[in-house]
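Same order as they appear, the protein sequences are chains E and Z. 63 is the number of the first residue of the first sequence in my numbering; add one for each residue after it. 10 is the number of the first residue of the second sequence in my numbering; add one for each residue after it.
Don't read these hints as lab results, they were simulated from the structure. In this text the structure is predicted, and so the values were computed from the model without any measurement. Just so you know, even glycine gets a beta-carbon here, dropped at the ideal spot from N, CA and C. Among the hints, erroneous ones may be present.
[Said to hold, decoys possible] Result set (DSS-like, lysine-lysine): computed pairs, CA atoms no more than 27 Å apart in a straight line:
(1) K185/E to K245/Z
(2) K200/E to K98/Z
(3) K245/Z to K101/E
(4) K185/E to K144/E
(5) K41/Z to K185/E
(6) K254/Z to K82/E
(7) K144/E to K63/Z
(8) K41/Z to K144/E
[What the hints assert, rightly or not] Non-contacting residues of chain Z with respect to chain E, defined by C-beta distances greater than 12 Å in every case (computed):
(9) E20
(10) G44
(11) V141
(12) T230
(13) E290
(14) F345
(15) N347
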Amino acid sequence: MEELQTVFPGAIQEAVIYRKLPSITFAKEFLLPACRFLKSEEGGAYTLLTDETAVDYPKREKRFDIVYHLYSFRRNDRLRLKVLIGEGEPLPSVTGVWPTANWLEREVYDMFGVVYEGHPDLKRILLPDEWIGHPLRKDYDILRQDAAWVKSNLGIESGQ
Amino acid sequence: MPETTFLDANELLLNMGPQHPATHGVLRIKLKLDGERVLGSECVIGYLHRGVEKIAENRTYAQFAPYTDRMDYVAAVTNGMGYIEAVEKLLAVEIPPRAQYTRMVLAELQRLASHLLWLGTHALDLGAMTPVFYTFREREEILKIFEKYCGARLTTHAFRIGGLQYDLYDGFEQDCLKFCEYLLPKIDEYEQLLTKNRIWINRTRGVGVLSPEDAVAYGVTGPVLRGSGVKWDIRKVQPYEAYDKVEFDVPIGEHGDTYDRYLVRIQEMRQSVRIIRQCVERLALGPIFGKVGKVIKPPAGEVYHSIEAPKGELGYFVVSDGTVNPYRVRVRPPSFVNLQALDTMIRGQLVADVVAVIGTLDIVLGEVDR
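All chains, please: the whole structure from these sequences, using the hints.
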């Protein structure tokens, strides 16, 4: 962690260890260089991107936490990276660093409406392409759905 | 791998699925073909999307546990185990040894059931009719043990946050040991049917090759990663429950093809039997529940916990805001991530091999779509 501090001065906004897992919050501008560094040998060889997801905090100014879970085979440890972004704010895609981010980022886009810059094929993955709304946002009620889509495609008033 | 078609013939776009017997559920693949050769592909998923992660935010911690069984519905025990352990990590509770070993026995039985189902259907997809009847017969015995233990065969909800709901029934140990005794010669029998079978070898060797570098780049885990020669099993490298106290080997493949992945899973079944035998011996009488309150209200915080599910790394990222409902539950499904490697594995192969590769990835669409 100190290493990261020296390589990217001013990039780390927060660093905590909770239940034995270190979690580092990066400033958005430093995300890509930091990811490349962490993947390299001197950065700890975090070659496996286990998961990428988001958490929505609508009351915050920057409402989304984008969360990356990394794993290093050499060190046998995990690391959590975080980036905070606001509504409609574009985020650089990490598909160039870890190809597995492709579908994971599509899912985040689908469920939260986070737009990635430099993603090869950013479109919905689980929901139909024409769907309106992003269900995992906190302001999307659990009973709500895209009524127009349900009516025109399934021919029923409500799926619930 | 040429980018264009042979003799500039037209590319053919073939739609496979969503209703197709070899896709093991509702998976649609758009294949770009040059004659019989695959030039590229695109997976269309989401047909089984039920919004499990959204449901979690509107349920209490305990209420959400049964939902996890419905993701990988052929391995409900391990799915529930991952979630329950994640919440236990958040609560920082200790689980008594009897509960730990019971969980391990049931989880390994589940791994066997999942692998047996995989073997039967995978062989059936490739034209070997016989194994499916045998493997389903053996899987039935596992489901009977589950039924006797918790009343359910598939969506078991076998564990509770903090321990177990039920203590073991009389004769559980004997049932498990009897089953292990019964299964081992059966695995040899499957191998007699397939391992040296010329048709089986021709259909699987060199098919769907995944290099170790590609496997890691695409985040592939579980038997698929080990088939590519990467010796990595979460039960060994970051043990949970009491996996650090039992002995077992991690089988790996050499060439990363469908045949090696088949061998890896067959070997894993033998290792699971080994683990079950050790765990049953250590099932000493004792409490089955840790110190957990009636109302589960973890402190605010975030945890990520992952286990080695039959299909690969199953992770749960749970965010608590200190209330009785989880603020966010993210499921890291092995099938979803492994399926992403499909395109790399089938490029340049024949259409018939696509079926083999889908089978060897061992995906469950309930888990892919959640």
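A quick look at each hint next to the structure:
The hinted pair formed by K185/E and K245/Z fails the criterion: a straight-line CA distance of about 37 Å is larger than 27 Å. At roughly 25 Å between alpha-carbon atoms, K200/E and K98/Z fall within 27 Å of each other, so this suggested pair holds. Proximity of K245/Z to K101/E is assessed by CA-CA distance (about 23 Å); at most 27 Å being required, the pair is judged to hold. In summary, the hint linking K185/E to K144/E is supported, as the alpha carbons are separated by about 23 Å, within the 27 Å threshold.
For the hint linking K41/Z to K185/E, the alpha-carbon distance of about 20 Å falls within 27 Å, and the restraint holds. Proposed proximity of K254/Z and K82/E is supported: the alpha carbons are some 21 Å apart, at most 27 Å. At roughly 21 Å between alpha-carbon atoms, K144/E and K63/Z fall within 27 Å of each other, so this suggested pair holds. As the CA atoms of K41/Z and K144/E are separated by approximately 38 Å, the hinted pair breaks the 27 Å bound.
In this structure E20/Z is separated from chain E by more than 12 Å, as the shortest Cβ-Cβ distance comes to about 19 Å. Annotated as non-interface, G44/Z keeps its C-beta farther than 12 Å from every C-beta of chain E; the closest such distance is 26 Å. Against chain E, the non-interface label of V141/Z holds: every CB pair exceeds 12 Å, the least being about 30 Å. The Cβ of T230/Z sits about 8 Å from the closest Cβ of chain E, inside the 12 Å cut-off, so the non-interface label is violated.
Every Cβ of chain E is farther than 12 Å from the Cβ of E290/Z; the closest lies at roughly 29 Å, confirming the non-interface assignment. At roughly 7 Å, the least C-beta separation between F345/Z and chain E is not larger than 12 Å, which violates its mark as non-interface. Its beta-carbon lying about 10 Å from the closest one in chain E, N347/Z breaks the requirement of being farther than 12 Å from that chain.
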